[in-house]
Amino acid sequence: MRKINLYKIFSRIAVIVVLCIFSLANKSIAADSTSANRINIDLSRMSATMVYSMVFQMVTEPQKFIGKRIKMKGAFSSYQDEETGRRFFGCVIKDALACCSQGLAFEAFKPRKYPKDFPREGSPITIIGRFDYEKEDDGIGFPIIRNAIFIE
Amino acid sequence: MLDQLLFYLDFPFVRYAIIVGTLISLCSSLLGVTLVLKRYSYIGDGLSHVAFGALAIAAVLKVTNNMFIILPITVAVAVLLLCGGKDAQIKGDAAIAMVSAGSLAIGYLLMNIFSASGNVAGDVCTTLFGSMSILTLKPTDVYLCVALSIVVLITFVLFYHKIFAITFDENFARATGVNVNLFNLLIAIIIAVIIVLAMNLVGALLVSALVVFPALSAMRVFKSFFTVTIAAAVISVVCSLTGILVAILAGTPVGSTIVAMDIVVFLVCYITSAIRNKKA
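Quick mapping for you: the protein sequence lines, in order, are chains A and B. For the first sequence, position 66 matches number 66 in the numbering used here, and the numbering has no gaps at all. For the second sequence, position 109 matches number 1109 in the numbering used here, and the numbering has no gaps at all.
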């Protein structure tokens, strides 16, 4: 009797698993839109866990996101490459332990002077811009939000 | 909140997390009952640390699919620990403690010396606490996890009566013709596979919780091996699903949220059992 019950339970679990696997085929990127000015991916609506995961997807599979309009909320951060002299700006999402922080580099829509025209390091910012992937000379690249505008 | 949840469910990686989380929690709870009853509750912790050490080796060797390194090493250590038997020179908890601390130390050392990543602290934090790793799975990881989980489930169902026999009394099982050594080996391999899979869900340091809590919760309320196994599976799956959903909605780390759910259910089961015993 017990053996029969176990097989029944197992078969039901197997059916659920198969249904879930089929649902995997139904891939989509949420909030996709065809309109040029609409935001395709609004990270500012998402929880920190979701933002971290979403940014991870953007960093590991950038080709899926190129050209999409992104809205993002995080902490302002900047860094200067000592070799090239180029200054990078970033929007960073910190986790509780600050060990798994994720962020995206951005490029301001209008040329601005640093630090006068930028927020203070670590202050909260919200930006909107178009996702791109910048390839460096050595073939290694990084994702960047182009034409970023600051939202007050 | 429901709108937000439906919005999140539209992302493939959230659906992957739910599928993998359900399967891993189901598999870990089934074997959890056997491990708790055989007094091997801490083996999950030891093996997860071994898997962490193996992950560091895979990172150093720059292996594309680190599962090819992690799985064989963890299985080998599980077999050594669980099938060493009475002839082993270092036994029981001492062997687990030695392997556990040693692997963790070597893993961290290797990650620091040879890491190709710029964020060693982040890599270690994610691997140890499973902060977000379940939400960063790729389709190939999901298919591998589904395949391994199905193998574990089929093995458990097919050999349920043999596992039941050796869980309670190995000598009696041996006397009735069960090849105890072979089934101990099988259990060791399955446990290693589950631990490696569960690292993605809750991280190396919290794997034991996934193995132990559902079994202990079910044991407070139910008494037979069969009902405890089914209840542990249900508790584990419900806690994992709730934990994942709460984590993505509230923005908390996935692994620790799942374990917090397990603790809450354990307390509820404990109080229920205490009230029932008082009435009886």
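Worth flagging that the hints you see were computed from the coordinates, not collected in a lab. Hints should not be assumed to be uniformly reliable.
To be verified - Pairwise CB distance ranges, derived in the manner of DEER restraints: (1) A:Ile66 x B:Phe1114: 30 to 36 Å; (2) B:Val1221 x A:Gly139: 54 to 60 Å; (3) B:Pro1072 x A:Thr84: 39 to 45 Å; (4) B:Tyr1143 x A:Gln63: 55 to 61 Å.
The structure displayed is predicted, hence computed values, not measured ones. Backbone N, C-alpha and C fix where the C-beta goes; we use that ideal spot for every residue, glycine too.
Hints, verified against the model:
At roughly 32 Å, the beta carbons of Ile66 (chain A) and Phe1114 (chain B) sit within the given window of 30 to 36 Å. Between Val1221 (chain B) and Gly139 (chain A) the beta carbon distance is about 58 Å. The supplied range of 54 to 60 Å therefore holds. Our hint of 39 to 45 Å for Pro1072 (chain B) and Thr84 (chain A) holds, since their Cβ atoms are close to 44 Å apart. Take Tyr1143 (chain B) and Gln63 (chain A): their Cβ atoms lie about 21 Å apart, and the range 55 to 61 Å is violated.
Of the hints listed earlier, the one the structure fails to meet is number 4.
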